[in-house]
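**Student:** Residue-level listing of the chains:
There are 2 protein chains.
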Amino acid sequence: MDSKTRPGNKVVVETAEGKYVGIVMERPELADKEHIVIKLDNGYNIGIRKDKITKIQVLENRTSHEEYKPKKHVADPSKPTISVLATGGTIASRVDYLTGGVHSAFSAEELVSAVPELEEIANINVKQVFNKFSENIVPSDWVKIAEETYKEIKKGVDGVIITHGTDTMHYTSAALSFMLKTPVPIVITGAQRSSDRGSSDAATNLIDAAVAASTGNYAEVCIVMHAESADTHTMIHPGTKARKMHTSRRDAFKTINGEPIGTIENRKITYSRRKNKPRGGECGIDAKLEEKVFLLKCHPGLSPKIIDSLTDMGYKGILLEGTGLGHTADNLFDSIKKAIDSGTTVAMASQTLYGRVDMNVYSTGRRLLDLGVIPCEDMTAETAYVKLMWALGHTKDQARLKEIMATNQAGEISDRTLFE
Amino acid sequence: MDSKTRPGNKVVVETAEGKYVGIVMERPELADKEHIVIKLDNGYNIGIRKDKITKIQVLENRTSHEEYKPKKHVADPSKPTISVLATGGTIASRVDYLTGGVHSAFSAEELVSAVPELEEIANINVKQVFNKFSENIVPSDWVKIAEETYKEIKKGVDGVIITHGTDTMHYTSAALSFMLKTPVPIVITGAQRSSDRGSSDAATNLIDAAVAASTGNYAEVCIVMHAESADTHTMIHPGTKARKMHTSRRDAFKTINGEPIGTIENRKITYSRRKNKPRGGECGIDAKLEEKVFLLKCHPGLSPKIIDSLTDMGYKGILLEGTGLGHTADNLFDSIKKAIDSGTTVAMASQTLYGRVDMNVYSTGRRLLDLGVIPCEDMTAETAYVKLMWALGHTKDQARLKEIMATNQAGEISDRTLFE
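Chains A and B, in that order, give the protein sequences. Take 1 as the starting number for the first sequence in the numbering used here and just add one per residue. Take 421 as the starting number for the second sequence in the numbering used here and just add one per residue.
Reference excerpt, derived from the structure (chain A facing chain B, CB under 7 Å, subset only):
| no. | residue |
| --- | --- |
| 1 | Phe133 |
| 2 | Asn136 |
| 3 | Ile137 |
| 4 | Val138 |
| 5 | Lys244 |
| 6 | Met245 |
| 7 | Thr323 |
| 8 | Gly324 |
| 9 | Leu325 |
| 10 | Asp330 |
| 11 | Ser350 |
| 12 | Thr352 |
| 13 | Asn360 |
Worth flagging that the hints you see were computed from the coordinates, not collected in a lab. Glycine included, every Cβ here is placed at the ideal spot set by N, Cα and C.
Can you make the complete structure from the sequences, with help from the hints?
**Tutor:** Rendered as structure tokens:
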């Protein structure tokens, strides 16, 4: 079978479920070995389990690949310089037009060959930090990205781009927001559709990320991704207020309980947020994290035993994603009290996503406050979870933690007057 | 202190944090005893811990309450008849103008006295099922509500209203959608602001719920709540597609991955959904549930030990709220496999809320499918959680469960063509 499914071959694959005609794609190193992927004529890729294939017929044999020749990248001292830190994900690919397959593209030369517009915007340094789907990124990876970003900024670049899978991009953007003080824009971008598809958002997002990193006059962590399902403009979301809000659309990211920094159209930024921190100021890193924190989504029937287990397992923090204004069932109160008494910090965000936690309105909230649960204002649960890890990395003192969580550190808490 | 804080008294309360002037409110039975609540002149209520009060000064003493006289409710045979089942929550209250306090209002007479418009719309039966804040509602309560609703429909009423706290209203609406076959509208409603506040949505929501229950030409479970922050119209959300999306706004409920059934303005329904199941047909109840199901929100750093613990604790189902198209970190795969091998059903929804789970696009998804994880299409995690409990109440056979979860039962799975 292996010679028949050589990447680039045009094949007819038959399984019990159906018959598929397309080009066999090269698989990234991370991929499993049990499937082949073929690109159908309509441009979509389909994965087929090898052991389900009943017959393969080769329509066209590709015995050699066209040689891939990266374009030489020449520095232009009149242009700003930005660093691209690659961490993996759908964006980390270029088209191999012969096979339709996806390769990693990480050298400056390769990146500029794949997206030549980048060279018009800035001089590009490229470094691969690691190569992971973002669903596999763990808190210690945030520390690595923060350290690499800090190093690039120290070199004096005009901005940093971090390419990243979209699944957990907003957790990473929140983490970097808390960890880094920056005099230049730190722009996280990615792609919802891989660059081997006609509808890919990889190039537009990368070009606009380069515009934001090199010319943006704001010094903070942000996400640049498509603003609507067409290709006309992208949006700059603040790092602590962004959230992936759709499984597949290119405009999956939204600013929640806040204002987008601005939009980018035709390589020009239009600012929309009322206040911006302009370029300049301090460069610093403070990446201490307590990793033993759990994000617990409350739901009807949630057993208090789960909270007891987390306490027994030595968790230092529990971020409750409560209901409504910041509530849990009252049968959890004893376990929450036990957790807090044993030194676990318990904080509260809301599963409604929009709006602000307010635990003074109903007795449920007031009783939770009395137990020592810390309200997380209008943070998303994801940002509150990351902030709690970061806060616990600095202190275990309850009063100090309450103060840190209630005080705006990196744009994660909006002014009450803006949205209520 | 107790004579000074008699409900109705106008007082000045001093604490270390500040000084508050307002009317002492009567507290519902469910409330804790450690606080008093006073209504400030701006209409907002504030809870103050009794042990933090340094001084109380009484400005006006109320020694007697105006007698409350419920209006007599007279049946009108020319009007439709609806049943109101009360379960608690913010809506379950009427204004006591003397004290500004909140009482439960559950007799037909009291309800019609509080909201006289109801009598113009329909003849009203009222029954209190229980009196709980919705954060305390557990799956067995859904069964009770389903049984009481079924009884009312069997009596031949033209529609049923269920008043309910808003925090977990969408979990209950999903549960009733799976449990009940109905020939008449079943309308769940509530209030985001209590009826002792000028901005209360209680009356409008209740009136429009009565319009929907008595005149709506659709036979299913729905939620009727404010459509925007003003008072002009309400929206009818399908029971399996609704979600509370704001902590405090009156238009907190939204239809996710679907179309609202319609809107109500000036007591008139405008239908907006392309397909409706009209009144009539079967009346049935199938309220079997497996309660041992867990809703697990995936997050960076989530330890596989948690899944092992759930398996060890005998959970029959785990609803994963995964990232993106339906992903988890690959370090969870072994624990997920162990869970499935030991008979736990594992299903997947997405924390993006919007969009459809598609586990065929990336190798992460394909590997999870191979482990036996069941994709939940475009259901919200909340609806998928409830459906998994309901499905497991009927069978433990994996193939049958996969079929039930993938097949539309109550509007929870949208046609692909509508939203992609």
